[in-house]
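A.B. asks: Put together the whole structure using the sequences plus the hints.
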Amino acid sequence: MPATIADILHAHRSGRSTPSRTVAACLERIERHADPSIFTALFGREALAEQVAALEGRDPSSLPLYGVPFAVKDNIDVAGLPTSCACPDFAYVAARDATAVARLRRAGAIVIGKTNLDQFATGLNGTRSPYGTPRNAVRADLVPGGSSSGSGVAVAAGLVAFALGTDTAGSGRIPAGLNNIVGIKPSLGLVSTSGLVPACRTLDCISVFGLTVDDAFAALRVMAGPDEADPFSRPLPLGTPGAFPVAPRIAVPRPEDRVFFGDRQAEAAFAQAIARMTSLGARLVEIAMEPFHETAKLLYEGPWVAERYAAVGPFLEAKPEAFNEVVRTIIEEGRRRTAVETFRGHYRRVELAARTRVSLAGCDALMVPTMPTVYTVEEMLADPVRLNTHLGVYTNFVNLLDMCGIAVPSGLRPDGAPVGVTLLAGAGRDAHLAALASAFHASTDLPMGATGEKLPPLPPAAPRAGAGYHEIALFGAHLSGLPLNGELLEAGGVFMRRARTSEDYRFYALPEGRVRRPGLLRVEAGTGASIECEIWALPAEAFARFVDAIPAPLGIATILLEDGSRVKGFALEAVAARDARDITGFGGWRDFLAEEQRQRQAAGIPAAE
Numbered sequence: 037m038p039a040t041i042a043d044i045l046h047a048h049r050s051g052r053s054t055p056s057r058t059v060a061a062c063l064e065r066i067e068r069h070a071d072p073s074i075f076t077a078l079f080g081r082e083a084l085a086e087q088v089a090a091l092e093g094r095d096p097s098s099l100p101l102y103g104v105p106f107a108v109k110d111n112i113d114v115a116g117l118p119t120s121c122a123c124p125d126f127a128y129v130a131a132r133d134a135t136a137v138a139r140l141r142r143a144g145a146i147v148i149g150k151t152n153l154d155q156f157a158t159g160l161n162g163t164r165s166p167y168g169t170p171r172n173a174v175r176a177d178l179v180p181g182g183s184s185s186g187s188g189v190a191v192a193a194g195l196v197a198f199a200l201g202t203d204t205a206g207s208g209r210i211p212a213g214l215n216n217i218v219g220i221k222p223s224l225g226l227v228s229t230s231g232l233v234p235a236c237r238t239l240d241c242i243s244v245f246g247l248t249v250d251d252a253f254a255a256l257r258v259m260a261g262p263d264e265a266d267p268f269s270r271p272l273p274l275g276t277p278g279a280f281p282v283a284p285r286i287a288v289p290r291p292e293d294r295v296f297f298g299d300r301q302a303e304a305a306f307a308q309a310i311a312r313m314t315s316l317g318a319r320l321v322e323i324a325m326e327p328f329h330e331t332a333k334l335l336y337e338g339p340w341v342a343e344r345y346a347a348v349g350p351f352l353e354a355k356p357e358a359f360n361e362v363v364r365t366i367i368e369e370g371r372r373r374t375a376v377e378t379f380r381g382h383y384r385r386v387e388l389a390a391r392t393r394v395s396l397a398g399c400d401a402l403m404v405p406t407m408p409t410v411y412t413v414e415e416m417l418a419d420p421v422r423l424n425t426h427l428g429v430y431t432n433f434v435n436l437l438d439m440c441g442i443a444v445p446s447g448l449r450p451d452g453a454p455v456g457v458t459l460l461a462g463a464g465r466d467a468h469l470a471a472l473a474s475a476f477h478a479s480t481d482l483p484m485g486a487t488g489e490k491l492p493p494l495p496p497a498a499p500r501a502g503a504g505y506h507e508i509a510l511f512g513a514h515l516s517g518l519p520l521n522g523e524l525l526e527a528g529g530v531f532m533r534r535a536r537t538s539e540d541y542r543f544y545a546l547p548e549g550r551v552r553r554p555g556l557l558r559v560e561a562g563t564g565a566s567i568e569c570e571i572w573a574l575p576a577e578a579f580a581r582f583v584d585a586i587p588a589p590l591g592i593a594t595i596l597l598e599d600g601s602r603v604k605g606f607a608l609e610a611v612a613a614r615d616a617r618d619i620t621g622f623g624g625w626r627d628f629l630a631e632e633q634r635q636r637q638a639a640g641i642p643a644a645e
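Going by the working numbering, the sequence shown opens with residue 37, and the numbers climb by one from there.
Worth flagging that the hints you see were computed from the coordinates, not collected in a lab. Among the hints, a few may not be true.
As the list claims (entries may be wrong) - Label-pair restraints from in silico Cβ distances:
#1 P495 to R391: 32 to 38 angstroms
#2 P493 to R534: 16 to 22 angstroms
#3 R534 to P291: 29 to 35 angstroms
Glycine residues also receive a C-beta, built at the ideal position from the N, C-alpha and C atoms.
C.D. replies: See the structure below:
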């Protein structure tokens, strides 16, 4: 089977292969890989043939995942297969697919089977299952990561094209980091959790693993959207990943807040990842991590552990012997939490969330190590609670702060262990993160997972915004990395591309106010010039708010671009040009600011902010 979703689709659409042959190759690889701890259940050949037959007569180009094989974590329902949560006494045969699975099947994807996990999705290491510990695909002595252990390994080993996990505390990111693959933890509520056995229902989300960001996002795109069956789903826009922005602002932990538990190789790897991100043009902002780390402690040391008891408490009381000992101890702690503790914990979470929003204001993303260190299976079994807690240092706070995230490989250590980083941002910025992560991953030149296959070149950015988004041309303070760009990011904006206007415009620097702004004015043919701009896409509701807030003498007009296309953008009232400085000759706001900066330096004036 070809390695990526794009390869599989091309093979099916060109006639070089068929879904039947792809599924057969998938089963052969699973058998050849010979790790019985990856899957808890597989569909038989007859059931798989039925899935393939359902695609017969369909136009391969009409289905976005036509014939693509995938696996599902065994706490998510798949009709006809048991849902066990890695607890055989709990298992039941699902009568229907979870909403996310159903949407993937309607898009043409084929479910191969269910994957192993830390029991009841409680753990980040992958050793807490009666079905055994899946073998880490990159370095066999290391833990595979959890709780979505089987899904992470199945993708890294090339057994399936993508796999579903879940992510309450990092279960969709730690297995990605430990197996050299991509793990997307969507915004809470973006993907329906109907058909998922809950761990912490207010924080649970269904995640996706892929060999590339493009693969994982392709699956996310199909699954995303509100669901009446899930009261926790919400109508968040998804968008389409654009290009890597110009000079994005990337927050990173300040040096004194970087936690590696003495692992010098992990520390060096993160320093290299920071250098890589800088080489892509990012501007780094060091921030204090104290409010993030305190939030992380609320998940297991605070009242949220009571949610785990709320999910499976009755079963635990009836059959305590069915539980992994470590898992049982963790869930039983939920009995002792009071309603008063819960409200106090909630108040503290809100206070901490406000502080973290201030820390990240104006930043495109926060970049952290996916995991602070690595552990062998032997080390984890000898100290299962403390070492598991270590793995969650950079993951446990994310859902409590309503953030989305993408874990992406960053390298291989000298000892052969994989390392990765996770990019995080506020809810609704999934597509913007995907653009950042895709460019970062492509720059690593790593193999995909443990397949030995080369990472494909960076896919071209989408030329146009996705459904539900409106494009807008920006010329001044809202450009990437400039003072007002944070307004776009907070509104869920996605950078699409750099562009230039037609040669029908003049450009002016407006009189200085709180924030310096330029203005674009359309003029008679032959009297203007082409002006540089950025095209961003905003969700429809945010676009309306954004336009409504534009101060005079600026407004919105239809801008003609040099390629002949038209887009809405900022424009200047003609009367305001009388008192403004004509800066058309600079060709754009960035070049104008750069020249001003050179003049300041020549005159010995301190650099302007």
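A.B. asks: Now tell me, hint by hint, if it's right for this structure.
C.D. replies: Right, here's what the structure says about each hint:
1. P495 to R391: 32 to 38 angstroms: holds (37 angstroms)
2. P493 to R534: 16 to 22 angstroms: holds (20 angstroms)
3. R534 to P291: 29 to 35 angstroms: Holds, since R534 and P291 (Cβ atoms, about 33 angstroms apart) stay within the stated range.
Of the numbered hints given earlier, the model fails none.
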